[in-house]
Amino acid sequence: MSEVFSAVATAVELVVGLDPDLVEIVALSLKVSLSAVLIAAMVGLPLGAAVALVKFPGRRGAVILLNAAMGLPPVVVGLIVYLLLSRSGPLGEMGVLFTPTAMVIAQSILVMPIIAALTRQTISDLHEEYDEYLCSLGAGHLQRISTLLWDGRFRLLTGLLAGFGRASAEVGAVIIVGGNINHVTRVMTTTIALETSKGNLNLALALGIVLIILAASVNAAAVLIGDAASKRYG
Amino acid sequence: MDERGEQRPVMPLEVSDLSYVAGGKILLNKLNFRLEGGVRTVILGPNGAGKSLLLRVCHGLLQPGSGNLSWAGRTPSQAGRDLAMVFQRTVLLRRTVSDNIAHTLGIMGVARQERSSRIDTALKEAGLSDLADHPARTLSGGEQQRLSIARARVLRPRVLLLDEPTSNLDPGATAAVEAMIRAADADGTRIIMTTHDILQARRLADEVLFLHKGRLLEHTVASKFFADPDTSEARRFLLGELLE
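Order-wise, the sequence lines are chains A and B. Oh and the first sequence: position 183 is 215 in our numbering, straight run, nothing missing. Oh and the second sequence: position 193 is 916 in our numbering, straight run, nothing missing.
Please note: incorrect hints may appear among the correct ones.
As the list claims (entries may be wrong) - Quick list of in silico lysine-lysine cross-link-like pairs, DSS-like style, CA-CA up to 30 Å:
#: 1; chain 1: B; residue 1: LYS947; chain 2: B; residue 2: LYS936
#: 2; chain 1: A; residue 1: LYS87; chain 2: B; residue 2: LYS947
#: 3; chain 1: A; residue 1: LYS230; chain 2: A; residue 2: LYS63
#: 4; chain 1: B; residue 1: LYS936; chain 2: B; residue 2: LYS748
#: 5; chain 1: B; residue 1: LYS936; chain 2: B; residue 2: LYS753
#: 6; chain 1: B; residue 1: LYS847; chain 2: A; residue 2: LYS263
Stated by the list, open to error - Label pairs and their computed distance ranges (CB to CB):
#: 7; chain 1: A; residue 1: SER178; chain 2: B; residue 2: THR844; range: 23 to 29 Å
#: 8; chain 1: B; residue 1: GLN836; chain 2: A; residue 2: MET74; range: 30 to 36 Å
#: 9; chain 1: B; residue 1: LYS947; chain 2: A; residue 2: ILE96; range: 57 to 63 Å
#: 10; chain 1: A; residue 1: LEU85; chain 2: B; residue 2: GLN836; range: 29 to 35 Å
#: 11; chain 1: B; residue 1: LYS847; chain 2: A; residue 2: HIS173; range: 33 to 39 Å
#: 12; chain 1: B; residue 1: GLN836; chain 2: A; residue 2: LEU115; range: 54 to 60 Å
#: 13; chain 1: A; residue 1: ASN251; chain 2: B; residue 2: GLN836; range: 41 to 47 Å
#: 14; chain 1: A; residue 1: ASN251; chain 2: B; residue 2: ASP929; range: 57 to 63 Å
#: 15; chain 1: B; residue 1: GLN836; chain 2: A; residue 2: GLY172; range: 21 to 27 Å
What the hints assert, rightly or not - Residues from chain A that keep clear of chain B, each with C-beta distances beyond 12 Å, as calculated:
#: 16; residue: ASN99
#: 17; residue: LEU123
#: 18; residue: GLY172
#: 19; residue: VAL203
Since the hints were derived computationally from the structure, they do not count as laboratory data. Ideal placement from N, C-alpha and C gives every residue a C-beta, glycine not left out.
Looking at chain A on its own, in the form it has when it is part of the complex (with noise of 0.2 Å):
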């Protein structure tokens, strides 16, 4: 038991002192997971208003796999990342496996359904409630889009989060992609796994109080925002 207290005093000096692998390690981790988040978000966005906007033949079925896809196996993804950067897969010539910049492809395939459906959920609700005030105007495509995207934007950052939040804690698909090569693709959640095993229970701690405190801070702001818009605009 002591073990584990002097464990937990460990990773707290880790985290108060700012330990330099610590930091690098936190550091590639939010550079991999927000670009994985825009990216995500650069898809998602106008494709989840598309679906919930455009008619088309199997809209239906694209929004239940837009909504299936949110619980896409990160090992699965991870694994068909793989096959394809992999040398003798379809772009392995882009030669990027084992790279920060694979695990940014893996981790932007598992947020962009996330972003997608909550983008659709909201674009549909708010489209629903302004459709014929919208109409009454004679508002077309565009202004129609961006005024739903204007006015749903609070929901969309807190899908945004939610987004983030699955790519931050997420370990099955970088680990497969990014191989957890020191200094090159370590990320908290692979280091913790790594660290674990080989029972060096600080780091991993250490780790891990950051990632409770990311996971604990993203879920803190969606709710603000939440509160904050509704304060705000009704």
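With chain A's structure known, arrange chain B on it following the hints.
Only chain B this time, still in chain A's reference frame:
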């Protein structure tokens, strides 16, 4: 009034053999009428008579299954911004009061430098100047409906279509909304509104269209309608009986 402040001719509406069918049910049944002159028209009738539906068809939000409808010889889509609609359930954007009006002006392509003065005028007419920076959706029901009317009027439409504009409002809020409707009428805007409130119809109507089960049973001046309606359905409706 037009943009130069001059009185505009009131737009006549001609409806001939207009029907609307949904799900195999005839909801509007071969309506024929013509609205002329600067009078306030109230569409009366029990729930399910087709009042709101007729208003939406007049605006062009819904296309009739058959028949013709023309505003001074133009289809509703050609009449465009000459027609403005106020809905029973207020639809306000998640923005401030003034930004709700600014949005409408923006959609209609009004120049930015012109928007500010038009927003100020609209809010003043609605008695909402003090609430310009408040979130629109936190206003009271009456204030929200006044904002909806102000937002519709800011486009300077020639016709204002109002669907049950005071349902669920208290008497004070109803009076404020009715004052705005009278002001729009005095300004030369044709008013066509639906209501199931007989007392409100008595206060506001110059002429009445009485609908029942999608059929136009009466189209007459208000004084005649309330004193001596032609149909037994209208008589029973005015007596407060529940029509099947």
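Violated constraints from the hint list, given by number and in increasing order: Per hint list: 2, 18 violated.
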